[in-house]
Amino acid sequence: MLKTENKNKKSFIEWFKHRWTTEPLFSTAIALLIMIVIQTVVLGFDYDSFGSWFSSWIRNWINILRNNAGVGIISLGMTFVIISGGIDLAVGSTLVAVGAIIMMLIDTGPKGILAGIGLTGAPAFAVAILIAIAIGCLFGTGIGLLITKGKIPPFIATLGAMKIFRSLTQHFMQGYNPTVPKGFLQISSFKIGNLMLMPIIYWAIAAFILNYVSKRTVFGRQVIAVGSNERAAKLSGINVVKVKTKVYSLMGVLVAIAAIIQVSRIGSMDFANAGSGSEMDAIAAAVVGGTSMSGGKGTIIGTVFGMLIIAVMNNLLNLFGVPPFLREAFKGMLVVFAVLLQRKEES
Amino acid sequence: MKLEMRNIFKSFGSNEVLKDVSISINEGEICALIGENGAGKSTLMNILGGVLKMDSGLIYLDDKEVEFNKPADSLDAGIAFIHQELNLINDLPIYENMFLGREIKTKRGRLDLEKMIKETEKIFEKINVDLNPKTMVRDLDTSYKQIVEICKAIMMNASIIIMDEPTTSLTEPEIERVFNMMRTLKEHGVGIIFISHKLNEVMEICERYMVLRDGKLVAEGEVSQVNTDDLARFMVGYDVRTEQFSRDKSLGDEILRVENLTHPDAFRDISFSVKKGEILGVTGLLGDGRSELFRSIFGAEKFSSGRIYLDGKKINTYSTTQALKEGLGYLPGNRKENGIIKDMNIFENASVVTWPKYAKYGVIDKQKHKEMFGEQIKSLRIKLEKVTDSINSLSGGNQQKVVLAKWLSSNPKVLILDNPTQGVDVGAKEDIYDIILELAEENIAIIILSSEAQEIIRLCDRAIVMYHGKIQGEVSGENMNEHDIMRYATGGELRISQEEGMEHA
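Residue numbers (my numbering), protein chains in the order written: chain A, 1 to 347; chain B, 348 to 852.
Source of the hints: derived by calculation from the structure; they are not laboratory data. Glycine included, each C-beta is placed from N, C-alpha and C at the ideal position. There could be a bad hint or two in this list.
Examples of chain A residues toward chain B, derived with CB under 7 Å [unchecked claim]: (1) His18; (2) Thr21; (3) Ser49; (4) Gly51; (5) Asn63; (6) Leu159; (7) Gly160; (8) Lys163; (9) Lys215; (10) Arg216; (11) Thr217; (12) Lys234; (13) Leu235; (14) Gly237; (15) Gly296.
Residues on chain A that point at chain B, a partial pick, calculated with CB under 10 Å [stated by the list, open to error]: (16) Asn211; (17) Val218; (18) Ala232; (19) Asn239; (20) Lys242; (21) Lys297; (22) Phe330.
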C-alpha cells in the first residue's frame, strides 16, 4: 500500500514538473491560483458569516476585474503584436487620442460635433462608437504600414506615434473639456442586478473571440508563423506585410474599445496622463502570461491570466497597505521573475 | 619557407576523410588545391590551420617537424588561413581591423591610433596596396576586404597563406585585383594554397595543382602540363557510375517559361522553359546565383527585368502569396532557416501553405487538413509519433518530408526544390527521389536545384548549368555526365555545343 502511494506521489510530482516546464499556460495558471489563495486568506476567511464574507469577496473581485478591463483588452491586442515579433508603445497615446475624438463627437457643450448636426442620444452614441473604432483601426493600420512598408523597427515607429498622438491631443484639447452625456455612461455603468459588470463583459467577449481567432483562424495562426520564423512564413506563401499590418490594425480597434470603456466609465479624461503606462502594463501582462518577446509564442488565455496575476498582486499590495510608490517595484519584480522562469524552460 | 604535410590520416567516427595524403608547398609558389565538395580539402586545410587535429601524420616547416594544437600555433609558425567568410568588422576602419585583438596602446592605456595607422601604411607600402588605412571596412568591396585580410596575415609575418575560394563572390575586375595581390606576395616569397572550384582561374594564377578525391591525393603536377579538361577529370574520376532512374518520359506541354530574367547582382539574362511532367535540374557551384534566381521566380526576391509565363500566360510574382496562387511551389534550401517554423507542431508545419485555401470565413478547416496530412504520412512515409509533437522532434529527412507535404497540399503546377536532400540520411534521400519521380508521373513540372552532380544525373531529364549568374550550358542525354557538368560549372565550354552551334548556323 505504502509503496504504491509513494509511487503515485512521485509520478504526480513528475507529472507536475513536466507540465510546469513544458506548458507556460500551466505554470501561469498555478501562479494565479496561488495569488488568489493568498488574497483569500488575507481578506480574512470567516466560516460563521460565510454569506457576507462571500459577497465582499465577490465585490472585491468585480472591482479588480472592472478596474483592469481597459488595459486587459489592450493586453489582448498586445499579445498578437508581440507574438508577431513586434511591440506597440503607442497604445496609451492612441487611447487618449481616440478618447478625445469620442468626447468631441458626443459633447453636449457648444463644440459637440454630432450635436452640431442634430444627432443626439442613442443614435449619436452608435455613430460615435463606430467612428471611434474606425479611427482606432486607421491609427493602428498607419503604424502597421510604417513598420511593414516603411521598414521602421516597431519600437521606433510606435515610440514616434506615442509622442505624436499624445502631443496633438493635448494641444487641440487644451482649455476645453467636453461634457459627456449621462446616457453614454450607461455603456459601462449599466447595472446587472446590483452590479456594474459591463466592462468585465466586454473584456470577456474580446478575450473569447480573440482566443478563437488566435487558435483557429488563418490570420491567428499566420501571426504565430510570422513571429516564429518570418523567412519560412514568407516562403510558405504568407503575405507577411499584410499579416503584420493587420496585427496593428487589430491593436488599434482594441485600443478604441478600451477608450470607449474609459470615457463611459469615468465620463471625462485627463489628456496628459490617461493611458500613460498602459503600454507597459499590457506588455507586462502578456509577458507574465508566457508570451515570448522574441515572437512566435504566446496565448490569449495566458495573457488574461497574466493580467489577473498583476491585478491580484496590486489588490494584495493595497490590502497590505504597501505605500503607493513601492507598488511599481513589486510589479517590476513580478515581470522579471516571470521571464526568469521562462528562460529556465527554454534551456 | 617550405611546407610539407606527410601521410595525413583523419577520420570522423567511421568516416575516413583523409587517407594518407601528402602535399608540399615551396617558397613563393602558388599551388591550387582542388576537388569536389566533400573531397577533404577543408579538413586538410583545417588541420594545417590548427583547427582540427589529425589522427596520424607529420607536418614539416623548412624540414623541421612542427605540431599545431590550436589555431594560434599555426599562426605563430607563419601560416595564415583566409576563410571564405571574412573576419573583418564592418564598422571599424581598416587600421583597427588590422590590429584587432592586438591593439597598440600608449603607456596610459589609450589606443595609439597614430602608430597603428603608421604600421598599416608600412605594410600597404611593402606590398603595393593603394588604400587609406582610415577607410571604413564597410566602404570596401569584397576584393579589398580580402586584400585587407591578406595584409593582416603579412603583418603577422605569414609565409604561407591559405585562401579558401577567395573569388567566389567577386566580379571580374575584382578577381584581377586579388590575383595581382597574389603575384606580389609571390615575389615576396610567400607560398599560397589556392582552394578553388574555378579551373580557369587555377590555370591563370597557379603553378602547381593538387587534386583531392574521396580523401586521397589523386593527382598533382605542373599546371602548364594540363588543361581544364584534365583537371575536371581528375576531380570527378573515371570510376564514377551513376545509373539514371529509368522512367517513361512522356512530357506534356510547356508549363513555365522564363525570358531574360535579370537581377541587379545575382544573375542576368536567364531564359529557359519546363514542360509538364519534366524534371529539370539546375546546378552549378557556389555563387552561381541559382537560389536567388528561383527565389525571384517565386516572388521572394525582386528581379530588375524579364518575364515569367505560366501556362502561356504572363504572371507577376511580386509576392510569394501571388506565386502560390498562380500554382508555383518552392521548397527552400537551408531547411532550419527557411523551411521550418520551430514554434509550431508537425501538423501545422505540414499545413501552413494551405490554411487560406481550405478555410471558411477565415477559419481553418482542420478536418480537411487532417485528412490530407494523414494520407501524406502514408504516401511520403513520414515517421512520427503524434502529429501534435514539435517539428524539432523529427529527423532531418522526416522534417524535409513535412516541408514537402505542405507544398504538395497546394497542388502546384510547378514545384521548385532547392537542395531537397540537404542534411537528409541515405534512406530518406531515396524516399525523396521516389516521391519526385511519382510527382513527375502526375504531370507536375519539377525543377531541382542541386550542387550534387550525381543527384542531377540520376533524377533529371535535362539540366541547366549556371556559372556566375549566367546559364553556361545545358546538358541532357549523353552529355549529362559529371565531367561535362563540371566543365560548364567551372566556366568552361563544351566542344560539342560549339559544333551544335555551327550546325544551327
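Provide an ascending list of the numbers of those earlier hints which the structure does not satisfy.
1, 2, 3, 4, 5, 6, 7, 8, 9, 16 and 22
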